[in-house]
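The whole structure should be built from the sequences, with the hints applied where relevant.
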Amino acid sequence: MAKKKRRLKGWIIQPMRFTLREMRQALWKPSTILYPLEKERDKWEALRENFRGHHEIDWLKCIGCRLCSRVCPNQCITMEDIEVDENYKGPRRSHMSEKKNRIHRPGVDIGRCLFCGNCGEYCPTDAWTQTILVELTEFERDALIYSAEQVKTEGGPSKKLINKILENPKLDVETCIGCKRCFNECPTQCITMIPGPKMRKDKPIEIPEFDYSKCIGCSTCCDVCKPGSLTMEEI
Amino acid sequence: MSSWINLYNISYAIGEFLMGIVAAILNFFGQWIGPLSDFADWLMSVNVLNLVAIFIGGAAVMVFVSIINLFIIMWIERKMYGRIHDRRGIMLPGPWKKTHKGTGFLQNLADGMKLIQKELITPKNADKWMYDIAPAIIATTSILAFVAIPFSETFYVANINAGLIFILAILAIAPLAVVLAGWSSNNKFTLIGGLRGAALMLSYEIPLILSVIGVILLSGSLNPIEIVHAQQQTSVLGVENWYIIPLFPAVIVFMVALFAELERLPFDLPEAEAELVEGWLTEYSGMRFGLVFVSKWVRTYAGAALITILFLGGWSGPVLPGELWFIIKSYIVFVIIVWATWSFPRSRIDQIVRIGWNWLIPIAIISIVIAAAFKWVGWF
Amino acid sequence: MKGTEVAGALREHFGDLVSDIVFPREDLVRVSVPRDSIFPFCKFLRDELHCEHLNLVTALDWPEDFECVYHLTSYLEEYMVELHVKVPKDDPKIASLSEIWRAADFPEREAYDMMGITFEGHPDLRRILLPDDVDYYPLRKDFEGQSDE
Amino acid sequence: MSDMWINMGPQHPMNHGLWNLKVRVDGEIVVESIPVLGYLHRGVEKLCEKRDYNQIIPLMDRLCYVSSLTWSHAYCISVEEMMGLEVPDRAKYLRVIALELQRVASHLMWLAAFAPDLGMFSAYLYSMREREHFLDMLQWLTGARMNQNYPRIGGVRNDMPAGFPDRCFKELDYFEKKLEQYKQLFDDNKLFRMRTMGVGVLSKEDALDLGVTGPALRGSNCPIDMRTHDPYEVYDELDWEVQVGKEGDVFSRYAVRMGEMRESCRIIRDALKKIPDGPVRVKAPLRPTGQGFRRTEDSRGEALIYVIGQGGESPYRLKIRSPIFAIMRAVPVMLKGTSVADLLAIMGSVDICIGDTDK
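Chains as they are written, first to last, in numbering that gives the first Met the number 0: chain A, 0 to 234; chain B, 0 to 379; chain C, 0 to 148; chain D, 0 to 358.
Derived by calculation from the structure, the hints in this document are not laboratory data.
Mixed in with the good hints there might be a few duds.
Said to hold, decoys possible - Think about it this way: if two alpha-carbon atoms lie no more than 25 angstroms apart in a straight line, the pair counts; the simulated DMTMM-like pairs of lysine to aspartate or glutamate are:
#	chain 1	residue 1	chain 2	residue 2
1	D	Lys-335	C	Glu-98
2	D	Lys-49	C	Asp-134
3	D	Lys-45	C	Asp-60
4	A	Lys-179	A	Glu-82
Structure representation (structure tokens):
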């Protein structure tokens with residue numbers, strides 16, 4: 000009987016009661032906002048943990064290892080070669096003298112970025128941070144390609160280097176020619192050249208030795224190795 | 000009931016003044032040409048002045064209905080269903096505040112200006128003449144209904160004796176235009192929409208008229224003014240006997256049939272935007288669409304006014320002038336219509352026809368019996 | 000039903016036709032059957048072993064031959080069968096299962112669309128995701144893609 | 000009037016997504032219908048053969064734009080099955096919490112699409128308002144509102160923020176109250192019942208034969224839910240019930256989905272109470288070999304991803320089983336003999352998402 004009564008009420012009364020309640024709540028304070036004029040900054044600030052918005056790169060932490068550009072699914076990160084003066088405090092590209100004034104820093108094509116956060120996740124120095132800024136609109140497509148200067152911040156130097164890729168280079172001693180390219184390019188300077196077993200002109204060929212505690216698995220050494228005697232292997 | 004304006008008298012005075020100028024000029028030339036002064040005399044005769052007064056009054060009502068009132072009811076509807084949806088509704092264009100807390104009163108004006116600027120597209124294989132005339136029919140018939148709707152004892156265009164029949168008849172022309180538009184657009188969606196409109200007309204005209212018969216029985220007149228007069232007499236209970244009390248089932252039937260007549264949401268099958276895109280309106284663009292769209296509100300207001308006259312005692316009420324009471328009552332009815340519109344899902348055509356024939360017509364007949372019983376007992 | 004019981008029932012009924020029986024999980028049995036016996040095999044699975052549900056039809060492109068993989072589920076007995084059928088590259092044809100499960104209709108069309116395997120006896124074997132007028136099979140390993148020019 | 004063909008789509012208010020339904024109607028009665036797919040084909044399966052395992056996760060998020068987390072999770076759990084990897088307990092619980100938040104958000108999106116199909120535009124805005132709360136929670140937990148990229152092979156991306164359970168309980172309280180009130184608008188609404196009851200009936204035999212899964216199958220009186228049938232993560236340790244509808248019509252599918260939202264709230268509550276401490280991610284091999292698949296319960300039905308790895312950085316073959324792809328085959332069966340107005344209700348009730356259908 001009660002069900003029957005409810006059915007009869009369902010013709011008109013029940014749904015109109017629902018809308019009346021909603022209208023009564025919304026009469027003075029609707030839950031929408033007029034977006035460009037009003038912004039819910041408080042809510043966004045409260046939920047900012049983990050959020051992935053506009054990129055910022057701490058130049059004093061970044062060592063220019065290109066890992067971010069390697070793990071990016073859309074290849075939207077390009078490394079820029081920037082010249083700095085003698086007094087620059089941040090990490091240099093290499094410890095080699097002729098490259099001492101050059102640094103590698105990433106720039107982001109925000110038009111192609113899918114905000115997956117892989118760059119920050121695999122960064123060995125935590126140089127990448129993502130802010131809560133999401134209003135990244137421009138009138139031209141080219142303006143969305145942010146150069147390294149546009150995403151630059153300066154926090155403080157990084158203490159730690161973590162291998163998040165979980166791969167280390169392995170040397171095939173037979174093919175190494177001792178060209179020192181890996182030694183020059185390694186962003187963390189974890190390579191020292193030691194005399195190897197093979198001889199050329201009565202001198203031992205110098206082969207790289209890796210300090211795996213400092214290696215970040217960026218595979219820069221593998222990329223620059225001409226004879227291809229370096230390969231990445233899982234730890 | 001006293002009234003503060005007499006529309007007819009004012010219109011008569013204005014007409015007399017204008018005609019007086021014309022007659023003076025004609026009389027001036029009548030010195031040389033004899034028949035002109037005869038013509039001037041004819042112009043100043045009571046019959047012609049009556050006609051002119053009706054025209055001027057009609058124009059005044061049209062201006063009220065189609066401009067001032069229309070903006071108000073469109074604003075009420077848009078703002079109100081915004082609040083039902085828990086959002087703010089229109090807010091930016093408006094005379095007072097231009098922020099997110101503004102009223103947005105002029106939004107409809109802005110929309111209308113946009114629609115006027117738009118291109119009028121006619122489909123390639125459309126029946127052009129029929130396609131063009133359909134929105135015009137709908138717009139004219141909608142406004143024409145107000146000819147017979149009195150806003151007070153004196154504020155009316157024409158005091159027609161069979162006014163109720165005239166209003167119902169003129170509102171019933173629109174579905175014909177719907178079929179016309181649906182057929183002539185040469186589109187499958189519009190065709191289905193037009194035919195649904197025809198089915199709706201068939202099944203909902205009858206309960207609409209049957210529910211009015213009770214009122215006619217009680218009041219003994221077809222004239223809207225007489226109907227309101229009949230309601231203003233005090234009954235045995237000591238209050239004015241508005242017909243909503245004895246004829247409550249008829250009010251429900253009238254409301255439901257009105258929703259179908261106006262193609263409002265529970266019954267807006269001819270223009271179901273989800274399945275038939277916009278139904279018979281699919282091909283219309285620009286101001287043709289705007290005309291139809293606006294006349295929907297005009298018709299809705301006509302329906303609200305009709306309910307006010309038939310069941311809610313028209314312009315009777317204490318203290319305030321009658322016209323204001325009429326507008327307040329009709330706006331309340333309009334708000335209820337809007338509220339119901341946004342609470343229900345769309346019905347299906349077979350269900351809607353079944354509701355019409357199985358429920359509404361019997362209830363309407365019962366209400367006629369109730370009216371006859373009341374009349375016989377002599378309470379009303 | 001455990002995977003081993005299913006495998007036992009299949010062995011009993013089909014003998015040597017069923018090969019490479021593996022049990023990756025307790026309720027999952029992975030078997031290979033020859034191309035010719037796929038239809039009676041699936042009919043037996045549905046009628047006798049209550050495989051009501053065909054999950055998906057996968058077409059694979061190995062270096063030597065194509066392979067069709069059918070995943071079948073029995074909701075009643077709670078086990079799954081993964082069926083591998085080799086299809087030679089020079090004659091990519093296999094019997095359609097859409098008579099047994101209507102669910103095989105669209106996945107087989109997709110496999111035809113993407114890998115170019117013809118399902119014989121299929122009621123409506125057309126391209127489904129790609130337009131009708133393309134003449135390549137994009138999921139084959141030798142497909143390198145086409146430029147717009 | 001003789002028969003005529005109507006193209007409902009690719010751009011039509013009925014199509015929630017980009018697809019085309021050719022309908023042959025006799026007056027208002029649907030005589031025949033042909034779904035046409037492929038407007039959104041992006042070649043995801045081919046793309047996966049060129050990317051390494053971690054880069055596929057954000058790609059899988061894009062499969063379904065309404066419930067993206069379930070798809071990246073289905074991919075991760077399949078790859079873990081292939082690798083034979085065991086995920087830490089805390090990661091399992093976090094996955095369940097995120098999945099169920101996503102499920103509620105997805106079902107609310109379905110309600111927001113289904114109600115305007117029936118002409119209830121108000122319900123669209125109500126359910127979008129409720130969905131906002133769940134998106135807030137997802138944003139706080141995973142870092143994004145729409146394409147979360149949260150599961151990882153071997154765990155999840157990050158631990159949950161401090162204070163998450165309390166805030167989540169509060170939002171769930173609010174939502175459960177609202178869900179109870181929705182009964183007034185839908186269940187008690189006579190017009191809504193008239194539109195949905197006895198419409199688009201899919202019998203149990205047909206549903207099984209056509210490979211229909213998910214709420215559409217459960218609406219046909221068939222209690223198959225992959226969360227209990229083939230339990231993954233920790234669903235078998237939590238306290239909840241499978242929702243089953245009796246009739247197989249649009250109303251039962253509606254009721255199943257509304258019930259699932261309620262059960263999802265229960266699951267989230269239970270998981271937040273039972274969540275253990277520990278790590279959230281373990282190391283996964285980068286170049287695995289083998290083949291594997293797992294069935295998971297997407298909010299639309301059974302999602303299955305079959306992965307084959309041959310020792311390379313990217314999978315050799317990845318095959319996606321989309322629930323809507325199977326339901327599309329059932330569409331002509333359901334639509335036959337119904338009217339054009341019912342077509343809306345039926346197509347709305349199966350919750351079409353073209354992203355994973357066209358791959």
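Taking the hints in turn, this is what the structure says about them:
no. : hint                 : result
1   : D:Lys-335 / C:Glu-98 : holds, 20 angstroms
2   : D:Lys-49 / C:Asp-134 : holds, 23 angstroms
3   : D:Lys-45 / C:Asp-60  : holds, 12 angstroms
4   : A:Lys-179 / A:Glu-82 : holds, 23 angstroms
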